[in-house]
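Chains A and B are the protein sequences, given in the same order. Counting in this note's numbering, the first sequence runs from 1 upward without gaps. Counting in this note's numbering, the second sequence runs from 1 upward without gaps.
Warning: the hint list may mix true and false statements.
Dumping the calculated BS3-like pairs for lysine-lysine here, alpha-carbon to alpha-carbon at most 27 Å [to be verified]: (1) Lys563(B) x Lys173(A); (2) Lys222(B) x Lys155(B); (3) Lys353(B) x Lys421(A); (4) Lys90(A) x Lys353(B); (5) Lys584(B) x Lys606(B); (6) Lys356(B) x Lys258(B); (7) Lys584(B) x Lys173(A); (8) Lys90(A) x Lys346(B); (9) Lys549(A) x Lys536(A); (10) Lys535(A) x Lys195(A); (11) Lys421(A) x Lys219(B); (12) Lys222(B) x Lys69(B); (13) Lys619(A) x Lys635(A); (14) Lys563(B) x Lys140(A); (15) Lys69(B) x Lys155(B); (16) Lys486(A) x Lys200(B); (17) Lys374(B) x Lys149(A); (18) Lys656(A) x Lys353(B); (19) Lys487(A) x Lys69(B); (20) Lys588(A) x Lys25(B); (21) Lys140(A) x Lys436(B); (22) Lys584(B) x Lys140(A).
Computed, partial: chain A to chain B, Cβ under 10 Å [stated by the list, open to error]: (23) Asp356; (24) Ala420; (25) Arg439; (26) Val565; (27) Thr569.
Everything labelled a hint here was simulated from the structure, so no lab data went into it. All figures in this text were calculated on a predicted structure; none of them were measured in a lab. Where a beta carbon is used, it is the ideal one built from N, C-alpha and C, also for glycine.
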Amino acid sequence: MESIVKDKYIIATDVGGTCTDTVIIASGEPILVGKSLSTPPNFANGIINSIKDAAKNGSLDINSLFKSCRFFVHGSTVVDNTLLTRDGAKTGLVTTEGFEDTLLITRGAYGRWGGLTEDGIKHPVSTNRADPLVPGDRIKGIIERVDYKGHILRELDLDQAESSIRDLIENHKVNALAVCLLWSFFNPLHEQKVKEIVRSISPETYVSLSSEIAPVPGEYERTSTTVINAYAGRIIENYLQSLSSKLRDHGYDGEILVMQGYGGLLPAIEASNKAVGMLECGPAAGVIGSRYLGSLMGDENIIAADMGGTTFKVGVIQNGELRHAREPMVDRFHYVAPKLDVVSIGAGGGSIISIDPRTNVPVIGPQSAGAFPGPVCYGQGGEEPTLTDVMMLIGYMDPDRFLGGSVPLNIKLAKHIFKAKIADPLGLDVDEAAVGIYRIAAAQITDLIHEITVEQGLDPRDYVLHAFGGSCPLLCSMFGAELQVKKIVVPYTASVNCAFGLVSADVIHEYTHTETFSVPCDINKVNSIFEPMIKKAQNQLKADGFIDKTISMEWSIDLRYARQVHEVTTLIKGVTPLNKDSMNLLIKHFEELYERRYGKGSAYRDAGIEMTMFRLTAKGLVERPSVERLPINSKDYSEAIIDNRKIFVYLRNGLKESPVLDFDKILPGNAFSGPVLIHTPITTIVIQEGQTGHMDDLKNIIIEFD
Amino acid sequence: MDPITFSIIRHRLFRIVDEAVITLKHVSGSAITNEGHDLMVSLYRADGSLLMGGVGFLHHLTSAAEACKSIIRNFSGNINEGDIFLLNCPYTAALHTSDIYLIAPIHHNGVLVAWSACFVHVYDIGAMNPGGFSPDSNDIFTEGFSSPGLKLVDKGEIRKDIMNTILNMVRSPEMVALDMSSMIACNNVAKDRMQSLIDKYTPKVVDKACSLLISQSEKLFKERLAELPDGCWHSRQYFDVKGQTFKVLLKMSKEGEKIVFDFSGSSAQSQYGINCSRWASWGGLFAPLFPLLCYDITWNEGVIRPVKMIAPEGSVVNATRPAPVSIATVGAIQAVNNAACVCISKMLSASDKYSKEATAVWHGSHFAIFMFGKNQRGTQSIGILTETFGGAAGARAIGDGVDVGGEVPNPISRMANVETMEATFPIRYLFRRRLKDSGGPGLHRGGTGAEFAITPHDAPDGGINYVISGKGTEYPMSDGLGGGYPGAPSNYLWVKTNEALESGVPLVAYPNSIEQIPGKKEKISWGVFPLVGLDSLYVGWNGGGGYGDPLSRDCDSVARDVKNGVVSNVIAEKVYGVVVDNGKVIHKETNFLRKKLKRERLEMGKINDI
């Protein structure tokens, strides 16, 4: 029986659509990973199973594990799922009279084409706007008006507001209410009064105010965000409550920290109030994990790529800094919330390969064979060839060792169907066609990464590529070479990357204030905007259990050139509160950032510069255990060779006999030259000819170019 | 050519155009470019033929091709690496003067291999009226700066003399300079990316892929045409300007793999700038053709080859210089767009396979309203009311039109938030909402347009002025299809509250509808007007056309529309024959009414027989 050391472990669990992943870390101990199937709608069961799996890998007892747990960190797709399945609350909307249609008309066609691919956009006749989360008869205009300076032009009519709210609650039976009034981010008074009215009529009704959820200009996006929040609010509240009681049953009575789309953690009680913050938090955690891994390895510029069964997702970390998304969407709804920029295409292992019958050109996706029936080679009845089948046909997968030998692959069937459906119509033999499809997949991924690097003024040659997920390590040596990245890292935690990101995140509260100032302006005035935000943040973080030493504050300001529409969030790198020097430095940084993002010559300085939004990022730094590094062995990897097989080598544009290694038999320090294959329990790592690989002291596989 | 390499190159060409569009938006930073997506970027082959059209205002794809060809003809022997040419003369290739084309040759190892071209609607072009649309102009000479082709950038160096001359002729030269920079940056990006594509795959392979891309589009489009029934379809568009009515007639004939658009019989050219040059009409018919017939085909020269146009010289669809054309893009071009949409949709309706692709007309009439004057920060500025990009979708064979759902010729437009407009211009919105009864009735209802009213707020000069060039107030332009009614026409009102208050009418501080705003309501549609004091400008914009017989529309759908406030009880009864009370269909009365309306139709037929 091991002794219980209090505050020893950090447990992180990420709930995805299919799997629930766990990572457990503690000082001086190896990282433990666990995996189990998600169990909707009672996700807590899958969470416990996944933790048990990880605990088992370290021969730990789950109850003593919980007793010595310092933080339980959590990420979940539950809000995304609520939206995708339209499973949220019956929601009403209160807005300014005269503007009741704002949510419904989505700034015109924006809501019709938003979220469509090229094919959809080119075919407008086939497209529709998504049905709104709140239908027209549950939208009430109330009498009030605030102007662009935040001045109240027309007082709120309390009686009329009350009867509108009563109508929604009593006649329409709504149990959640979104409130978004014009210019409320400048003056939230009327929204707050509306909340009081709701409280007095029906305390149990869930209320979201736009001035609290998304205090930013732009009434359509603000309304949409507030509606999403109200729609999913109660569900996330209940979800976190049930998780917390389940954990208590297992002896954990500490804090649950919940991942947000911007890559920071919030205590559960606050996360419950801001459902919209949890959107896309899984991919955000993945990027955070990548950044942490980079910091352990001394890399600051990283392309973090994750490819699973259905999608390829990628984010960019530049000088250790993360990029935020400009116009995020969930399903087909726009929202505005700080969110890390992670872009995706519908290309994954399960993507179905087809031939366009009119042009005879092969097409990858966007349909996916999913987990069932899955690729043809799984032998579960799948009849459409997928990218996974292609990987097998070019020798990258071992029919007998897939997922540790648990799923035997039917190569004969895959070959037969691929020949009939793809190779024959193309007039190519099976090897040629399979190699061709593999090249197209790599080229499309190259184009996507090109889009978020080269097209944004970043040179991939300065970047390290991290390859996560079940499918990425099969392709990364090809597109990594095309992009000419510095090196490729296939992390040891590649299969549980999001959970790994959770243990490496900090608690982050974000505060904003909107007001427009022309530069130059009174520096004291700017400082006085930050003062109340700082006070609020300090109280909050202290309540979260942080002390001065573990609290850090970042100031940033959104700036733009007057008469232009693009705003750039610029971090204040000089001293705060601002003085003349740090203000000048801020302006200099803004100008540099603007040109970098929008291109040379895009800055129009003569019009002057304006400040439009003031942001405070308050961090509670989570102390992390130091990561255990393993001793380095000799380069000799011969012990790890388990097979020799013909695989596709792109430099030869053909197949070549190559050694196959077992990941579990490789020791840190072992080094090998491509072409070589490494089978891991969850994927295969391909190293091409002209590349060398080795295992580092964290059990990552590093691929470098000769 | 191997299908793998072809597929990779095709995808890369698409990305090149997309990236160039993003560059354009980033550098320009203007509302019309960023909100309205009033822009276009395309790639052209060495001979100027369209290689890959991007998603922007689609009527520009073909005319920019002509602009390339014109530059090739006129600058033969003087086209060098790093050059960028400017062309905005509507009688040479452009649509109107304010949509400036910047065209750049792309060389590889000194050999001309391709062209890129782009446009934005520049902030100002120095016409009589600010903003580019010039309703007061009666000839091309007063429509601002106009060039049939000049070299703006010479071997990578901007020709300062030329640039300064242009900027010397426009209002807010600094903003126009920014528009120019955005187009230069956009062409540079396209060039860089094309060159690295060719570096990677060799000139020969890329050339082969490009010619295959064009021949493939041609083959696919011809196959589609062959699948569609042969025949002849007609449509006509009426539009009014200052009490005069103009018409665009179209006879579209399709035989085998050929299609001819014949505009014979259209009105003689106008004294107002609503005219189209030949290239504007040519582009105007392709704007709906690309997305309606070629939604799954790459938009390039291959699609253009099977198409012919007949447009009589001296008419509103092929004006003779020096007729004014500054309003073409929201004038006769739209009539051409709409007429082509109707004829194409009629042809689609006649095919079992493609009938589901048919659509009534979307957003048949733009309302270009440019405000100008001193804003709340004391700066002289010009700005468009971006609501015109909100649009209204036509009803389709597959269902109702999308309310305020955009337009076909500009697939990814959008309008600005009220808060954005109020922050940048000294105006306040009284309301902005869907416009009741604007969607054309039909089995499937046309999408509604919308209505809004604005009044000055915090204007240092007490108000501002605006230029309006809004045809389509007397006759609807969003035609219905298959028995569907047209969408309601647009309506622009100058509400004279100042006058009313002087004569003792009580003030209504916060009117919530046009009826509640005190003051005489003067219908306006053309020229420059003030917006001062407590006066307001009301705009109700046209809805999309309906599809199919409104008497066949599902009664519950009509009741739902009434309940949602987009159809009135009057129209529900008179046009749909549906009696709705308290959101519920009254079936007995509805059956009676629908029978009665059908009987009346038969009666009308009899009268015609006599």
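- [ ] Take the C-alpha atoms of Lys90(A) and Lys353(B), compute the straight-line distance between them, and say whether it is at most 27 Å.
- [x] violated, 41 Å
Task: Satisfaction of hint between Lys436(B) and Lys140(A), Cα-Cα up to 27 Å - done: Answer holds: Lys140(A) to Lys436(B) is near 17 Å, not above 27 Å.
Open item on the list: Run the distance test for Lys374(B) versus Lys149(A): straight-line Cα separation, threshold 27 Å.
Closed with: Cα-Cα ~18 Å, so holds.
Open item on the list: Checking one constraint from the list: CA of Lys222(B) to CA of Lys155(B), max 27 Å. Satisfied?
Closed with: Roughly 41 Å separates the two Cα atoms, so the pair is violated.
TODO: Go through the hint on Asp356(A) and say holds or violated, using the shortest Cβ distance to chain B against 10 Å.
DONE: holds, 9 Å
Open item on the list: Under 10 Å is the threshold here; is the Cβ of Thr569(A) close enough to any Cβ of chain B for the hint to stand?
Closed with: violated, 16 Å
Open item on the list: Would the hint linking Lys535(A) and Lys195(A) be met if the CA-CA limit is 27 Å?
Closed with: Holds: Lys535(A) and Lys195(A) sit about 24 Å apart, inside 27 Å.
Open item on the list: Checking one constraint from the list: CA of Lys421(A) to CA of Lys219(B), max 27 Å. Satisfied?
Closed with: holds, 23 Å
Open item on the list: For a C-alpha distance cap of 27 Å, please report whether Lys90(A) and Lys346(B) respect it.
Closed with: Not OK: Lys90(A) and Lys346(B) at ~42 Å, beyond 27 Å, violated.
TODO: Below or equal to 27 Å on CA atoms is what counts here, so check Lys69(B) against Lys155(B).
DONE: holds, 20 Å
Open item on the list: Holds or violated: Lys487(A) and Lys69(B), Cα atoms, limit 27 Å.
Closed with: This hinted pair is violated, its Cα atoms lying about 46 Å apart.
Task: Restraint check for Lys563(B) with Lys140(A), where alpha carbons must lie at most 27 Å apart - done: holds, 14 Å
Of the numbered hints given earlier, the model fails hints 2, 4, 5, 8, 13, 18, 19, 24 and 27; all others are met.
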